[in-house]
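Chemist: All chains should be modelled from the sequences, with the hints used to inform the complete structure.
2 protein chains.
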Amino acid sequence: MPFSFELIAEDQHSQARAGIIHTPHGDIPTPVFAPVGTQATVKTLTPAELHDLGASLILGNTYHLYLRPGADLIADFGGLHQFMQWDGPILTDSGGFQIFSLTSLREVDEEGVTFRSHIDGSSHRFTPENVIAAQEKLGADIIMAFDECSPPEDYEYNVTALARTHRWAERCLAAHRRSDQALYGIVQGGVFADLRAQSAEFLTALDFPGYAIGGLSVGETKAQMHAMLEVLHPLLPRHKPRYLMGVGSPEDLFECVGRGIDQFDCVLPTRIARNGAVFTAQGRLNLRNARFAADKNPIEPDCRCYTCRHFSLAYLRHLVIAKETLALRLATLHNLHFILEIMRRIRQSILDGTFAAYKSAFLTTYKTVDSRR
Amino acid sequence: MPFSFELIAEDQHSQARAGIIHTPHGDIPTPVFAPVGTQATVKTLTPAELHDLGASLILGNTYHLYLRPGADLIADFGGLHQFMQWDGPILTDSGGFQIFSLTSLREVDEEGVTFRSHIDGSSHRFTPENVIAAQEKLGADIIMAFDECSPPEDYEYNVTALARTHRWAERCLAAHRRSDQALYGIVQGGVFADLRAQSAEFLTALDFPGYAIGGLSVGETKAQMHAMLEVLHPLLPRHKPRYLMGVGSPEDLFECVGRGIDQFDCVLPTRIARNGAVFTAQGRLNLRNARFAADKNPIEPDCRCYTCRHFSLAYLRHLVIAKETLALRLATLHNLHFILEIMRRIRQSILDGTFAAYKSAFLTTYKTVDSRR
Chain A
0 MPFSFELIAE
10 DQHSQARAGI
20 IHTPHGDIPT
30 PVFAPVGTQA
40 TVKTLTPAEL
50 HDLGASLILG
60 NTYHLYLRPG
70 ADLIADFGGL
80 HQFMQWDGPI
90 LTDSGGFQIF
100 SLTSLREVDE
110 EGVTFRSHID
120 GSSHRFTPEN
130 VIAAQEKLGA
140 DIIMAFDECS
150 PPEDYEYNVT
160 ALARTHRWAE
170 RCLAAHRRSD
180 QALYGIVQGG
190 VFADLRAQSA
200 EFLTALDFPG
210 YAIGGLSVGE
220 TKAQMHAMLE
230 VLHPLLPRHK
240 PRYLMGVGSP
250 EDLFECVGRG
260 IDQFDCVLPT
270 RIARNGAVFT
280 AQGRLNLRNA
290 RFAADKNPIE
300 PDCRCYTCRH
310 FSLAYLRHLV
320 IAKETLALRL
330 ATLHNLHFIL
340 EIMRRIRQSI
350 LDGTFAAYKS
360 AFLTTYKTVD
370 SRR
Chain B
0 MPFSFELIAE
10 DQHSQARAGI
20 IHTPHGDIPT
30 PVFAPVGTQA
40 TVKTLTPAEL
50 HDLGASLILG
60 NTYHLYLRPG
70 ADLIADFGGL
80 HQFMQWDGPI
90 LTDSGGFQIF
100 SLTSLREVDE
110 EGVTFRSHID
120 GSSHRFTPEN
130 VIAAQEKLGA
140 DIIMAFDECS
150 PPEDYEYNVT
160 ALARTHRWAE
170 RCLAAHRRSD
180 QALYGIVQGG
190 VFADLRAQSA
200 EFLTALDFPG
210 YAIGGLSVGE
220 TKAQMHAMLE
230 VLHPLLPRHK
240 PRYLMGVGSP
250 EDLFECVGRG
260 IDQFDCVLPT
270 RIARNGAVFT
280 AQGRLNLRNA
290 RFAADKNPIE
300 PDCRCYTCRH
310 FSLAYLRHLV
320 IAKETLALRL
330 ATLHNLHFIL
340 EIMRRIRQSI
350 LDGTFAAYKS
360 AFLTTYKTVD
370 SRR
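Those protein sequence lines, which keep their order, are chains A and B.
For the first sequence, position 251 matches number 250 in numbering that gives the first Met the number 0, and the numbering has no gaps at all.
For the second sequence, position 262 matches number 261 in numbering that gives the first Met the number 0, and the numbering has no gaps at all.
I should point out that these hints are in silico values taken from the structure, not numbers from a laboratory.
Please note that the accuracy of each hint is not assured.
[Stated by the list, open to error] Derived pair list, reagent style DSS-like, types lysine-lysine, alpha-carbon separation capped at 30 Å:
1) Lys322/A x Lys136/B
2) Lys42/A x Lys322/A
3) Lys295/B x Lys295/A
4) Lys42/A x Lys136/B
5) Lys295/B x Lys136/A
The structure displayed is predicted, hence computed values, not measured ones.
Modeler: Shown next as structure tokens:
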């Protein structure tokens, strides 16, 4: 089996875990944060830069790539690794979330979903079977079951959608052929402990090689999200990786690693970079701020990223104000370095038995609103 | 004197010359093409990438940098080299061309020019003295006299403007203090041989360390541009560098090196990249073209740039169509590599005595319209 999860250490004072996911394209030390490369590119960066940043897993999106340039075309190139020239592990999302958040006029039935492309309005249909086929064509190391994403606080909706998501999970498993890909099941159930427990139980019985937790970070409170993770922790198999989809702010990483999560992805570091915002140990900064106009300091004095080793806040602000593309690159490099470095330190702290201390130190300094200076 | 021009070889069959410009920030092998970094960044690229491309001189623009972030601010950072973290030679244009092409409501008088910023409409005044002062603050290795750019085919206008440009050249020389910068005079005179000759004669008498040729590539024909270079060749001092401003298409490089030009700059390679167009030995390609949708070849099979060593035309087209920033970067890298590599080969061919053969071989294959495939 080219895919396996090796559990290396478990924290004494929380549910934090350190491990390694072995894949056909290399090892992924966990907990891991995966930069998002929706359209076969992690926005603004080259594969060489992602390697330099120490990224060990990146995401692609089946919904976007199916629409453009098309899964058959990518298959003809030997898959997504070859097409985008990233030779490390890749995970593709199944497109469930995108269909329910990006498209219009979608119609769900037992068989699948009919929807209109957000690009040109053309009509398409996804079923568990053709989504798995598309992901086999894309050829990622980790692929996702096709699920129905529900408004997190509508109980009746969640009951109905969850039952369908479970039937689709079985169909995904049955449809999946490639032995060099790990297919993860996706636990749904909104903010409802009973539904989440039911989902974990159902999917665990199907024996997926990994479990994703979907439908969180979509409008519910942090407390609700944490409560769901606490419900799931004892129910999910200890020796399988756990992936919290779409979550990855600095504070989320600490809180959710501490609740047993091994895998994260989030557009936050790349998206805020494109708005001129950057992470620091004290919180987010907006580079447009006039107080940086003559500031000779880097974003963070002790940061080892390319941006901080070379450029002043004043120069970065100038690039943002002048709408220069280099601004997007330099902010993206810093933000991904920041998040990936946090993850490396979290992992080391779990191995060292110092996770609680590191979490406490980080969260004491880090403000979730822009407050520095 | 930290600035000097060393003439190394002269072609037997044309006016092509090979040399070295020595500057405080390093040597510039000539003929040289300088990538344009108008706003203290060569669009989309880092200084590290410019070094990897072999760029030996880049441009900044006094007009843009004076307006934003301001010459005083850059001076406070130790100059443009420090501010943008490029440690190689820099040339700043004086802003004359920009004032006459970008700004509105400009009024020229004997003393200087009053104009409105293209950014916010604010009113500003440039004089030979304050433009030199601004360029001393920016601290480039090569700086330019402040000139008046004229419509190339209006004789009366050119007569008046040229006389003023000459008086301004004298004032620039008188105002210039920094001994670590070379101030070039700018030959003007439109498409008129008598005015160009008069300008060369006047400026040569002032003994500038280098001579720029301005006001070409602004609407006149190639034949008119070549005729002006042929007029100037015998009149400009043999042991001073000659800089043809704003010119740098592949075909222009061959034609104008053959007419004695040592220095070029042009936004073409970076600008067309942002529109999805790339250079090849057969001419320009537009990456948007549907014929590239499934093309596994690189832009050029034998090109050694990062883009061509890794990515297919199909992937590049996908990035362009999906409006991904990486498309701009990869096209810019290729186009600058293409132009800088041509320049390296031109220089070597001058040293080898094979310039005519290389020029003929290149221009036989290169189509100035997009015609390949």
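Chemist: Does Lys322/A pair with Lys136/B here, judged by a C-alpha cut-off of 30 Å?
Modeler: This hinted pair holds, its Cα atoms lying about 24 Å apart.
Chemist: Lys295/B and Lys295/A: Cα distance at most 30 Å?
Modeler: Violated. Lys295/B to Lys295/A sits at ~45 Å, over the 30 Å cutoff.
Chemist: Can the restraint linking Lys42/A and Lys136/B be considered satisfied, given a maximum Cα separation of 30 Å?
Modeler: 36 Å, violated
Chemist: Is the hinted pair Lys42/A and Lys322/A satisfied, with a Cα-Cα distance of at most 30 Å?
Modeler: The given pair, whose Cα atoms are some 16 Å apart, holds under the 30 Å limit.
Chemist: Is Lys295/B close enough to Lys136/A, meaning Cα to Cα at most 30 Å?
Modeler: 17 Å, holds
The structure shown violates the earlier hints numbered 3 and 4.
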